[in-house]
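Undergrad: One letter stands for each residue in the lines below.
There are 2 protein chains.
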Amino acid sequence: MSATQTNKIDITKAATSKINEVDFEKLSFGAVFTDHMLECDFTNGEWQTPVIKPYAPFLADPSMRVFHYGQAIFEGMKAYKDDNSDIWLFRPDENYNRFNKSAVRMAMPEVPENVFMDGLSQLLKIDQEWVKKGKGNAMYIRPFMIATGTGVIANPSDDYKFMIILSPVTSYYSGDVKVVIAEHFSRAANGGIGAAKAAGNYAAQFYPTTLANKEGFQQVIWTDDATHTKLEEAGTMNVFFRINDTLLTAPTSERILDGVTRKTLIDLAKSEGINVEVRSVLVSELVEAAENGSLKEIFGAGTAAVISPISGFSYKETYHELPKIENAMATQLKDKLTNIQNKLAEDTFGWTVKI
Amino acid sequence: MSATQTNKIDITKAATSKINEVDFEKLSFGAVFTDHMLECDFTNGEWQTPVIKPYAPFLADPSMRVFHYGQAIFEGMKAYKDDNSDIWLFRPDENYNRFNKSAVRMAMPEVPENVFMDGLSQLLKIDQEWVKKGKGNAMYIRPFMIATGTGVIANPSDDYKFMIILSPVTSYYSGDVKVVIAEHFSRAANGGIGAAKAAGNYAAQFYPTTLANKEGFQQVIWTDDATHTKLEEAGTMNVFFRINDTLLTAPTSERILDGVTRKTLIDLAKSEGINVEVRSVLVSELVEAAENGSLKEIFGAGTAAVISPISGFSYKETYHELPKIENAMATQLKDKLTNIQNKLAEDTFGWTVKI
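Those protein sequences? They're chains A and B, same order as listed. So for the first sequence, this note's numbering puts the first residue at 126; every next one is plus one. So for the second sequence, this note's numbering puts the first residue at 126; every next one is plus one.
No wet-lab data here; the hints were simulated from the structure. Just so you know, these numbers come straight off a predicted model, no measurement behind them. Keep in mind that a hint or two might mislead.
Which copy is meant is left open, because identical chains are indistinguishable; a pair holds if it fits in one copy or across any two.
[Claimed, not checked] Below, a list of computed lysine to any residue pairs in the SDA-like style, where the Cα atoms sit at most 25 Å apart:
1. K339 - N225
2. K355 - H309
3. K151 - D284
4. K339 - V412
So here's chain A without its partners, still in its complex pose (with noise of 0.2 Å):
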């Protein structure tokens, strides 16, 4: 689908902020937003000039096809503010590859790159003063498209919604994370959608996670579907192993997120010469190193939490508690990766990119 490339983006700044109302010690995840969000439509074939404007609500019709059929993908990413008051972004390229990635899954209009690039880097400097110093602090940006179209046919529409929305957002401890893996339930299947940042692969998540909760686990570690064999995904969130001193990871796949922070840490361990083997993880392996000692962590990545150690997993109703163990990986990873996201470490890697 064409992506027209337009430099202009039309600017109305809000009369007043909401800045003040805001405790910035205080944030629940992705509650509150920022003063402005940016909008672009595509119509008749190409992309309008982007909007920034005021955080508000927008008209929907009740025919709108994302309302039936599902069309929306989004992306997840931070930017952060580093002792000299610039801000950073972290591997911005590999959200917008991957949403462009999501959009044709979907059926969905590429987005240019200077729309989602140029708008995100405006917006970010209209609300700069929403985006806090130090360590764990954080602006969640949330880039999203939607299919506007109206009528309902089961077709891909013809209208869309890019949108970009801020929410700031602090480090939060994700307390003591149990884990089910799933027997019966899975994420995605074989020729689906589950490589896509797609909507409808979140709602499907949800009924089986609550029926988790039910039973005391915060939260489910995905298998394959045809066998439920092979351990893919916790939560939403990519997931990874520690056996002994071996970290491992599923390989990236149709059913299995090609998560940035999952890439991020696969090369972080590796400079700190941890041994990363990425290859299919089965749950009989999970379940002999858990019963014989060498599983020591687990633990969930992504980016709204970055690192999320898991205490324990339960398999066809035997629960498995793991080790309490000094410098975890998780711990250790999770320091050096929010060091160099904040700006307070040196990043060799040229991730961060300054807005």
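Starting from the structure of chain A, add chain B where the hints point.
TA: Quick look at chain B alone, frame taken from chain A:
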């Protein structure tokens, strides 16, 4: 989740009707909507008073959960007007029950029967002039529910909106439908949401269908994602195969929608003395039947098109054209079913319900 019963419906009538602007001879499916819609919000853990009001857009927050995590379900139903101008629904309890099954699977609240059923009856009565008499004419009914809670965190929403919108339709000839059998893509996973009428299932099909379109095929016959050996659905419809004089269709499962037209056709065919087998149908079996001449018909079954005959299928680069036959079961069954639906033949099954 709670399903508080309420019998009150707040009604606000449109000042003027759009009906004279509509050419009922040239209706495009699902594109025109009547003067009114039903809306009922779920907030603070309970369903509020349903409202019937003029069809119009509503304000949507950019962080509304449906845009980001795809909690959205729908139904497709039809209403018919008989010669006495009475309006009839076809097996509405099937749609109502399936809607709430979809709701459970997508971690959404079930809709109370009186909101769904009384709301629909009231809405149809108010817009009764839009329901036209005559075979093939119908009012397409689209009940749907979306997550309206705000905040970009991947948890089930606390707030929802249930709506019913109405679109007058006429019978349509779907043209020569050639299909390709999926060898790589799939529409549903074991343990997934394929049996729910969830928005995300539809968007997932658009890209593979677009690829099929480019090769000259109108639709895809979906196969099981694990082995691609079992025939499951055709496009957005259930699928039937006639081998010699036996009608075959796959059993419902987690991957296959429990279609109302599907179950109706099974009963109708049996009552006509047709041998019906509900069992897994293999791709290999279909190819063999095509090659030895025993494959007589393939057709899709769904509310929108009722029955959509398929003229041939492609598998592994080989196209198998179906024979042109007299007295096709597809034609006979469609005729019998639409006569019952339009109250032009006696309904001995008790499927039609007067509002």
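Undergrad: Each hint: holds or not?
TA: These are the hints, each one checked on the structure:
{"no.": "1", "hint": "K339 - N225", "result": "between (37 Å within a copy, 21 Å between copies)"}
{"no.": "2", "hint": "K355 - H309", "result": "both (13 Å within a copy, 20 Å between copies)"}
{"no.": "3", "hint": "K151 - D284", "result": "between (38 Å within a copy, 23 Å between copies)"}
{"no.": "4", "hint": "K339 - V412", "result": "within (23 Å within a copy, 47 Å between copies)"}
In the structure shown, no violation is registered for any of the earlier numbered hints.
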